[in-house]
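Model the full structure from these sequences, guided by the hints.
Residue strings, one per chain:
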Amino acid sequence: MEFQDPAFLSRILTLLTLSFHILYATIGVGVPLMIMIAQWVGIKKKDEHYILMARRWARGFVITVAVGVVTGTAIGLQLSLLWPNFMQLAGNVIALPLFMEVFAFFFEAIFLGIYLYTWDRFEDQRKHFLLLIPVALGAAASSVFITIVNAFMNQPQGFEILNGEMVNVSPLLAMFSPAVPTKVAHVMATAFMTSAFLLASIAAFRMLRGSTHIYHKKALFLTMKLALVFSVATALIGDFSGKYLAEYQPEKLAAAEWHFETEEDAGLVMFGVLDGEEVKYAIKIPYALSILAHSNPFAEVTGLNEFPEDEIPPLWIHYLFDTMVTIGMWLAFFSFVYVVAAWRNWSFIRTKWFRWLTVAGGPLALVAIEAGWWFTEVGRQPWILRGHMKIDEAATTSGHVDLMIVLFAGLYLILGIGTVVVLSRMYRRNPVEKELAARENGKGGEEE
Amino acid sequence: MTLEIIGISVLWLFLFLYVIVASIDFGAGFFNAYSSFVGKQHILTGVIQRYLSPVWEVTNVFFVFFFVGIIGFFPQTAFYYGTTLLVPASLALILLAIRGSYYAFATYGAKINHRGYIYMYGLSGLLLPAALSPVLAMSEGGFIQLDNGQPYLDYWALFTSPLMWSIVVLSLTAVLYISSVFLTWYSSKAGDAKATDLMRKYALVWAAPAIVTATGIIYELRGHNPEHYARILDLWWAFALSFLLFAGTVYLIWKKRHYGWAFILLMGQFFTAFFAYGASHYPYLLYPYLTIYDSFTNEAMAIALIIAFIAGLFLLLPSLYLLFRLFLFDKDYVEGKSDYHA
Ligand code: HDD
Ligand code: HEM
Ligand code: HEM
Chain V
1 MEFQDPAFLS RILTLLTLSF HILYATIGVG VPLMIMIAQW VGIKKKDEHY ILMARRWARG
61 FVITVAVGVV TGTAIGLQLS LLWPNFMQLA GNVIALPLFM EVFAFFFEAI FLGIYLYTWD
121 RFEDQRKHFL LLIPVALGAA ASSVFITIVN AFMNQPQGFE ILNGEMVNVS PLLAMFSPAV
181 PTKVAHVMAT AFMTSAFLLA SIAAFRMLRG STHIYHKKAL FLTMKLALVF SVATALIGDF
241 SGKYLAEYQP EKLAAAEWHF ETEEDAGLVM FGVLDGEEVK YAIKIPYALS ILAHSNPFAE
301 VTGLNEFPED EIPPLWIHYL FDTMVTIGMW LAFFSFVYVV AAWRNWSFIR TKWFRWLTVA
361 GGPLALVAIE AGWWFTEVGR QPWILRGHMK IDEAATTSGH VDLMIVLFAG LYLILGIGTV
421 VVLSRMYRRN PVEKELAARE NGKGGEEE
Chain X
1 MTLEIIGISV LWLFLFLYVI VASIDFGAGF FNAYSSFVGK QHILTGVIQR YLSPVWEVTN
61 VFFVFFFVGI IGFFPQTAFY YGTTLLVPAS LALILLAIRG SYYAFATYGA KINHRGYIYM
121 YGLSGLLLPA ALSPVLAMSE GGFIQLDNGQ PYLDYWALFT SPLMWSIVVL SLTAVLYISS
181 VFLTWYSSKA GDAKATDLMR KYALVWAAPA IVTATGIIYE LRGHNPEHYA RILDLWWAFA
241 LSFLLFAGTV YLIWKKRHYG WAFILLMGQF FTAFFAYGAS HYPYLLYPYL TIYDSFTNEA
301 MAIALIIAFI AGLFLLLPSL YLLFRLFLFD KDYVEGKSDY HA
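Chains V and X are the protein sequences, given in the same order. Heads up: the first sequence begins at 1 in the working numbering, then just goes up one per residue. Heads up: the second sequence begins at 1 in the working numbering, then just goes up one per residue.
To give an idea of the interface, some chain V residues facing chain X are shown, with a C-beta separation under 7 angstroms as derived from the structure:
| # | residue |
| --- | --- |
| 1 | V70 |
| 2 | A74 |
| 3 | Q88 |
| 4 | M404 |
In silico negatives: residues of chain X with every beta carbon more than 12 angstroms from chain V:
| # | residue |
| --- | --- |
| 5 | S36 |
| 6 | F37 |
| 7 | A130 |
| 8 | L136 |
| 9 | K194 |
| 10 | P209 |
| 11 | G216 |
| 12 | D234 |
| 13 | W236 |
| 14 | A247 |
| 15 | W261 |
| 16 | I264 |
Everything labelled a hint here was simulated from the structure, so no lab data went into it. All C-beta atoms, glycine included, are put in the ideal place defined by N, C-alpha and C.
Here it is, written out as structure tokens:
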């Protein structure tokens, strides 16, 4: 029965498209900053290696952006195709940031085109560097605006509902819902963190494959330092996000923590399984939930008992939360160890197993991104617009969603495989060593 | 001027811009595939890579602008069109994805120049207008019905409608015509005599079908939507002007003169026809259910959107100017003397 329900099918398709888009979008937000930093360091230190790093990253970046644009266009249109009732209602209040996002896309797309096709066109390297700033700003702005929309869905404000109509609408108030600060900051920090770990993975992988060029060492050290900075920021802001939840969406936090009764001195539950309302095999960290929620080990934390049965989010979001937090803690710890060891010149970071751990960092960060988004979105259930509209009321009535799921699943599969194949081919055909040698002979970088 | 009119004019303008830039993009892909098919490959490939690759993402944003903007200004369209367009719009998305991935994988990336891919890319350029243009037919009414208050699309009526098919044929001929006129100009600027010659021939071939199908639609409307037809007749002078501009383009191309002007006249032709058509459609977004007045957003949002739009233009226009200066008007770049790709 469920498999004919358009609302259920729309959820599946939304999940599919967003989960795919968010991987590319995260790279799209984070990597321009990394390219900027590398190019800047290169110009400052007059070190060709960093400039080449920026250039090679930019080449790969074009490909992920293109897929990001394609999938972004899909989700943008699908919002209206799959959730027409929601868009009709919410469009009245939250259309402003969506509209502003389009200008951010324009800005990013225009300057990205210019940046990519003007390498070496300017005498002064710094001029070319300047072109990257609008790219990074545009990408960051588009993620800010879309996250504002998502914040509004979690904590809507700026309107009143009278007989099913929205009245007294204030677009600005709607844009600045209390969910915005933590959400935007966390999303940005995680995008930078993930991009840094991904680039570090690539460098570590090249070294495992026997490449000993100093270029890779420089790349790895630079990206791991950035990864450390942003993973600490991520954990800190994540803690603020927990406090936001405790205040505004306590049911999400309580469901994530299997916190059934309102109580003081609440402990944090890690892992475990649920047997009825009984938590088994879990690691309990005393007072930690009270600290996460209110910065006070003795504070009272709202439990699930305060909410009507049919407004409690699914309890399996606990595992999503655990996955995200565990990966976050691990990556912060790991990059800390790496940076300290590299600085003190300890040799274990050059061992094979440690390199493999570094390679794992990038994919792990992507897993945390997925877990984080699934956690926020599933944790908002059953609401699409918290407190105002439920999922079932929002969905399309069209009977063809199932077919579309098959179609888009096939598309994403091809795009995903294509990205990996094309990226690895591109770098394998033109490894750093070859490119550096070619540059020294004054031939420029590309083979063709 | 009311807020509603401002809103729809802004959207219509961006849709017009999308039609022009997307037609260039779609048509170029088709000509490229066609010339590869008949063994004249590489005449166009260079032109396509130099002009289209840096700008296709910008082209795509025009499309995003339109559908985000229409939901913003006229949220009720989401209800009527969102539900009914699921299948055609999803197909269009898949086709757009083929094009995007061609740029990503074949021109920037590993240079996979597999023939099958070139054909798919070319074919998607024809299928896309065919997938998108039926929306114009739907807006004329008679295809979207209400059942228990829920809109649904009557596929049978749509697929057997001569109006729908003539709009599809028009969109195809227009894409090929617009694109070949533009590429004639671009290749002549690039000093590529072979490509200019080829594109000029295509432009002349597609001119007549474009104008004949456009007239055909007006004729079809007479039967399908008399109210709209009558309003078109009231605006006959605009369509006549559009025809004169069309004749000017064809004359210049025929005489092998002033290709830049030929393209400007073509823009004028489509601009007048597009706006005259839009004005005659007023005030309906969907006959007979939806007008721009009853689907309009609240005043506060409308004002906020217009302010954001004006602020956005200050950002957009200089950037677009820079883009075109570098890739359309820069002599060395257009002639392919310099390649600065990352
Ligand atoms: C690399 C990815 C990543 C990592 C390592 C973390 N997070 Fe996270 N988290 C996200 C990626 C993410 C995200 C994808 O960016 C989310 C989903 C939606 C959002 O606003 O941010 C998110 C949401 C999110 C929320 C929900 C906010 C809401 O629903 O409004 C909380 C409470 C946390 N995070 C807390 C943490 C904590 C305490 C972490 C400890 C280190 C942590 N996150 C690491
Ligand atoms: C305008 C903004 C958005 C709308 C209208 C929207 C709507 C929805 C809806 C209706 C669902 C289905 C709920 C469900 O299946 O439980 C969903 C799920 C999801 N959304 Fe959002 N969302 C928006 C923003 C975002 C953003 C910015 C992201 C981040 C990438 C995101 C990530 C997800 C994920 C991962 C799911 C899957 C979870 C699930 O299926 O339960 N959403 N979204
Ligand atoms: C409901 C959620 C979302 C919608 C409707 C959406 C919509 C879009 C659209 C329409 C595009 C294509 C723009 C173009 O044509 O250039 C796009 C690309 C992009 N999106 Fe999303 N998006 C969503 C979620 C997100 C999230 C959560 C982020 C960031 C955290 C994000 C960041 C980006 C970026 C940076 C791009 C530019 C392409 C790239 O660099 O990969 N988007 N998005």
